[in-house]
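Enquirer: Chain by chain, the residues run as shown.
Number of protein chains: 2
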Amino acid sequence: MATRSTIMDTNSYRPELAGALPAATAGLVHRREQVLGPAYRLFYRTPVHLVRGTGSHLFDAEGNDYLDVYNNVASVGHAHPRVVAAIAEQAAALNTHTRYLHEAVVAYSEDLLALLPDPVDAVMFCCTGSEANDLAVRVAQQHTGGTGIVVSAEAYHGNTALVSGMSPALGTGQPLGTEVRTVPAPDGYRVATPDLGLWFADQVRAAITDLERHGIRFAAFLADSIFSSDGVYPDPAGPLGFLAPAIDVVHAAGGVFIADEVQPGFGRTGDAFWGFARHDVLPDLVTMGKPMGNGIPVSALAARSDVLRDFELPYFNTFGGNPVSIAAAHAVLGVLQDEGLQAHAARVGARVRRELTALAAVDPRIGDVRGAGLYLGVDVVTDPVSKTPDVATALDLVEALRDRRVLTSVCGPGNVLKLRPPLVFDDSDADRLLDAFDDSLRSLPR
Amino acid sequence: MATRSTIMDTNSYRPELAGALPAATAGLVHRREQVLGPAYRLFYRTPVHLVRGTGSHLFDAEGNDYLDVYNNVASVGHAHPRVVAAIAEQAAALNTHTRYLHEAVVAYSEDLLALLPDPVDAVMFCCTGSEANDLAVRVAQQHTGGTGIVVSAEAYHGNTALVSGMSPALGTGQPLGTEVRTVPAPDGYRVATPDLGLWFADQVRAAITDLERHGIRFAAFLADSIFSSDGVYPDPAGPLGFLAPAIDVVHAAGGVFIADEVQPGFGRTGDAFWGFARHDVLPDLVTMGKPMGNGIPVSALAARSDVLRDFELPYFNTFGGNPVSIAAAHAVLGVLQDEGLQAHAARVGARVRRELTALAAVDPRIGDVRGAGLYLGVDVVTDPVSKTPDVATALDLVEALRDRRVLTSVCGPGNVLKLRPPLVFDDSDADRLLDAFDDSLRSLPR
Numbered sequence: 001m002a003t004r005s006t007i008m009d010t011n012s013y014r015p016e017l018a019g020a021l022p023a024a025t026a027g028l029v030h031r032r033e034q035v036l037g038p039a040y041r042l043f044y045r046t047p048v049h050l051v052r053g054t055g056s057h058l059f060d061a062e063g064n065d066y067l068d069v070y071n072n073v074a075s076v077g078h079a080h081p082r083v084v085a086a087i088a089e090q091a092a093a094l095n096t097h098t099r100y101l102h103e104a105v106v107a108y109s110e111d112l113l114a115l116l117p118d119p120v121d122a123v124m125f126c127c128t129g130s131e132a133n134d135l136a137v138r139v140a141q142q143h144t145g146g147t148g149i150v151v152s153a154e155a156y157h158g159n160t161a162l163v164s165g166m167s168p169a170l171g172t173g174q175p176l177g178t179e180v181r182t183v184p185a186p187d188g189y190r191v192a193t194p195d196l197g198l199w200f201a202d203q204v205r206a207a208i209t210d211l212e213r214h215g216i217r218f219a220a221f222l223a224d225s226i227f228s229s230d231g232v233y234p235d236p237a238g239p240l241g242f243l244a245p246a247i248d249v250v251h252a253a254g255g256v257f258i259a260d261e262v263q264p265g266f267g268r269t270g271d272a273f274w275g276f277a278r279h280d281v282l283p284d285l286v287t288m289g290k291p292m293g294n295g296i297p298v299s300a301l302a303a304r305s306d307v308l309r310d311f312e313l314p315y316f317n318t319f320g321g322n323p324v325s326i327a328a329a330h331a332v333l334g335v336l337q338d339e340g341l342q343a344h345a346a347r348v349g350a351r352v353r354r355e356l357t358a359l360a361a362v363d364p365r366i367g368d369v370r371g372a373g374l375y376l377g378v379d380v381v382t383d384p385v386s387k388t389p390d391v392a393t394a395l396d397l398v399e400a401l402r403d404r405r406v407l408t409s410v411c412g413p414g415n416v417l418k419l420r421p422p423l424v425f426d427d428s429d430a431d432r433l434l435d436a437f438d439d440s441l442r443s444l445p446r
Numbered sequence: 447m448a449t450r451s452t453i454m455d456t457n458s459y460r461p462e463l464a465g466a467l468p469a470a471t472a473g474l475v476h477r478r479e480q481v482l483g484p485a486y487r488l489f490y491r492t493p494v495h496l497v498r499g500t501g502s503h504l505f506d507a508e509g510n511d512y513l514d515v516y517n518n519v520a521s522v523g524h525a526h527p528r529v530v531a532a533i534a535e536q537a538a539a540l541n542t543h544t545r546y547l548h549e550a551v552v553a554y555s556e557d558l559l560a561l562l563p564d565p566v567d568a569v570m571f572c573c574t575g576s577e578a579n580d581l582a583v584r585v586a587q588q589h590t591g592g593t594g595i596v597v598s599a600e601a602y603h604g605n606t607a608l609v610s611g612m613s614p615a616l617g618t619g620q621p622l623g624t625e626v627r628t629v630p631a632p633d634g635y636r637v638a639t640p641d642l643g644l645w646f647a648d649q650v651r652a653a654i655t656d657l658e659r660h661g662i663r664f665a666a667f668l669a670d671s672i673f674s675s676d677g678v679y680p681d682p683a684g685p686l687g688f689l690a691p692a693i694d695v696v697h698a699a700g701g702v703f704i705a706d707e708v709q710p711g712f713g714r715t716g717d718a719f720w721g722f723a724r725h726d727v728l729p730d731l732v733t734m735g736k737p738m739g740n741g742i743p744v745s746a747l748a749a750r751s752d753v754l755r756d757f758e759l760p761y762f763n764t765f766g767g768n769p770v771s772i773a774a775a776h777a778v779l780g781v782l783q784d785e786g787l788q789a790h791a792a793r794v795g796a797r798v799r800r801e802l803t804a805l806a807a808v809d810p811r812i813g814d815v816r817g818a819g820l821y822l823g824v825d826v827v828t829d830p831v832s833k834t835p836d837v838a839t840a841l842d843l844v845e846a847l848r849d850r851r852v853l854t855s856v857c858g859p860g861n862v863l864k865l866r867p868p869l870v871f872d873d874s875d876a877d878r879l880l881d882a883f884d885d886s887l888r889s890l891p892r
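Listed in order, the protein sequences are those of chains A and B. Take 1 as the starting number for the first sequence in my numbering and just add one per residue. Take 447 as the starting number for the second sequence in my numbering and just add one per residue.
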């Protein structure tokens, strides 16, 4: 079975390829290497140099048009005029912090909480999903009196010291926290079980039991309900799906469920505004980030106030909830609603999934196509019987797509193509993706 | 001696004052309390509701003009047109991440590193000072193989789990990390010593010795060279000042010096572009945040690449180094240079310090006025002999200034007024501050 290094260098440019780069690209890559730290990675064997974007389209320095099938941050479309105007207008008026009264942060909080289930009735703002998860874990620990955290086996929850230790996707170089346990993802494609929900609940129960066996009191199950970093596992959803029984186990054990909505939130899955809502479960804490401000740094922790009130430590985030970030976030909410992007994601996503599934039916290299709305995973395997992940072919496919100016990446063990475009991705974009996908598959040696 | 709770609620509004609020303010305060978490604090007994800013001036919903003597984030002035234009222009073009090539992040890095001493030759971008410090600590630990961190007794280095444990200013409710030791601040006003530099070096040496006595290998001294949270201690600076001998001790013990420039950086002290440069010391790692983008979330870790290359963990910050944040940061650098704000801060700051010192000479409640450039501390005491911090009078003074629409706050044990206006603060602003200060002092019972 193919191995992977880390999520950070799956389909990354490698310096040994420098000789093959176009001169202009090579020059900028070289300048970049001189000043940015060695942890920085560029996508693709030939990195793309982007200067402009609109909708689902990105343009390089030479005016070439790329189809963006990757960037969930620019959720309502690159450079959406309403978001741009909101940012520009607020930046020209005032940008300060939450120790002064400001109408916008209150009004946005009201609108955001109206989209969350009733018990979740308070919010705190940060700047990144990492900060929101870092805070959520501490809130969960204060509330439960425990410290033990359960995450999925290839989870990624952020880059602070605390949540890096809860992000096995970072690879074995990053130690997990001593009070962290992992459960395998609810991989309905590979796990042979008559009831994925009971199976997954058993995994979570076993992890909690193991924490307790080590004298560690359980605090929280921290999970992204679409398990994006594990390889995109959306189904079965609903009250009889794979997640609800696990959340019952979490609550019965005295823990809380932190729904990390950085990936599935804000309408992306089409079925519901939040990932947890697809599964009919109630989270105690909800974290959100990436698509929240269409690229402007803004994130949040929403919480049941009975959980949040146990967090008595002072917490102030200078840029958290600043008027410009909030203006961007509020505009994003408005666009999502006014342009009907959740329903649009459901429709276009279903079509892309259906047509990719048809392609897969005649190509044994595609083992599975799954997803919800515009969050799709294409599972590349050596053969459909063993279902062994084929990372090399997946990476070749990503590069073949990039050569056709279609931008994607991989997740899971590195063999799952992650298709996660701006939600405005339309039928003509889908045509282009499907054509390029078919053509790319044909171009690869079988 | 007066005690304080935490930096978070020093001059905060308290809910029991709700009855005394103007109706419009009370309404917004109430709505805010319904949606924001309980950790949120508002400044002042009567919070201010701001809607607009320009230069050093802020305006409330009724059009009243406030003098901003507090906000170092809006470093080049509120809503500076050049920064606003840079944000608006880039937001309309593209806002994405560092896995694609983008000219701006490279060009800004080059310009930023040109302002840093030669050995510091690489940079990584984050969104907040907290994230930059969280990363810096881990880089220091990887490089040295140690884990022990030394900070000052009332330091504040951020809000992530890791750096909260290195922020004693958060109060006793927030435990310090088990591998953290504190040293008293170099308080030249109170510490009786013929040589503050040797004294401070001894404190740092003792902390390192204590770490080693507990089997903890020393990794880093993490300090803001103006010791803002401790109460603003700028002097003596230079090679014969208080910091250089301590840094020699740090390096001799195999540790690194992390210069937290979130407060003194970007020209604020007038004497130098960076706080550490005032002290003629060479940092190994430099973190920066607040004023970097004039309010847009952006922060960075700059480092000696020989230190940074030992950090082999993957690190990716989705919003870190995004083109809009970088555009704001680049515009700020340009304004600082083109408007000569460092020299301006030196001149206006010196004048304010001189005139406040004259006021202090005839008022025994002001024990000390100190500072560098436009970072000033006014140390309020019960009497000039015992030098006992008088928190109650300091808070009354902050409120009296707020009643005159002059915005300040406190630091240190809560008795030191922190004067830290936008760098464009000019002579007429200084006149207004000095008049209000004199008038406020007269208004308080002696």
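Incorrect hints may have been included.
[Said to hold, decoys possible] Footprint (simulated), chain A over chain B, 3 or more residues, beta carbon under 8 angstroms:
1. 651–665
2. 845–852
[Said to hold, decoys possible] Here are the in silico distance ranges between beta carbons for each label pair:
3. B:656 / A:107: 29 to 37 angstroms
4. A:193 / B:560: 38 to 46 angstroms
5. A:445 / B:563: 24 to 32 angstroms
6. B:641 / A:213: 36 to 44 angstroms
7. A:254 / B:461: 25 to 33 angstroms
8. A:357 / B:470: 30 to 38 angstroms
[What the hints assert, rightly or not] Now the stretches of chain A that chain B is said to cover, found in silico as 3 or more residues with beta-carbon under 8 angstroms:
9. 157–163
10. 189–199
11. 204–210
12. 270–279
13. 332–342
No lab work stands behind these hints: they were computed from the structure. The beta-carbon is built from N, C-alpha and C at its ideal position, and this holds for glycine as well.
Enquirer: Could you tell me whether the CB distance from residue 641 of chain B to residue 213 of chain A stays inside 36 to 44 angstroms?
Expert: Because 56 angstroms falls outside the window, the suggested range is violated.
Enquirer: Could you tell me whether the CB distance from residue 445 of chain A to residue 563 of chain B stays inside 24 to 32 angstroms?
Expert: The hinted range 24 to 32 angstroms is violated for residue 445 of chain A and residue 563 of chain B, with Cβ atoms some 53 angstroms apart.
Enquirer: At a Cβ distance under 8 angstroms, does chain B reach at least three residues of the segment 270–279 of chain A?
Expert: violated (count 0)
Enquirer: Is the listed coverage of the segment 204–210 of chain A by chain B valid when you require three or more residues with a beta carbon under 8 angstroms from a beta carbon of that chain?
Expert: Per the Cβ count (0), the hint is violated.
Enquirer: With 38 to 46 angstroms as the target window, see if residue 193 of chain A and residue 560 of chain B comply at their CB atoms.
Expert: Given a distance of about 60 angstroms, which is not inside 38 to 46 angstroms, the answer is violated.
Enquirer: Are there at least three residues in the segment 332–342 of chain A whose beta carbon sits under 8 angstroms from a beta carbon of chain B?
Expert: Contact hint for the segment 332–342 of chain A vs chain B: violated, 0 residues under 8 angstroms.
Enquirer: Would you say the C-beta atoms of residue 357 of chain A and residue 470 of chain B sit inside 30 to 38 angstroms of each other?
Expert: 57 angstroms, violated
Enquirer: Given that the segment 845–852 of chain B was listed as covered by chain A, double-check it with a C-beta distance under 8 angstroms for 3 or more residues.
Expert: violated (count 0)
Enquirer: Can you let me know if the beta-carbon spacing of residue 656 of chain B and residue 107 of chain A is within 29 to 37 angstroms?
Expert: 50 angstroms, violated
Enquirer: Count the residues of the segment 189–199 of chain A whose Cβ falls closer than 8 angstroms to any Cβ of chain B, and tell me whether that reaches three.
Expert: violated (count 0)
Enquirer: Mind checking, does the segment 651–665 of chain B have 3 or more residues with a CB under 8 angstroms from chain A?
Expert: violated (count 0)
Enquirer: Mind taking a look at whether chain B covers the segment 157–163 of chain A? Criterion is 3 or more residues with CB to CB distance under 8 angstroms.
Expert: holds (count 4)
Hint compliance for this structure: hints 1, 2, 3, 4, 5, 6, 8, 10, 11, 12, 13 are not met, and every other hint is.
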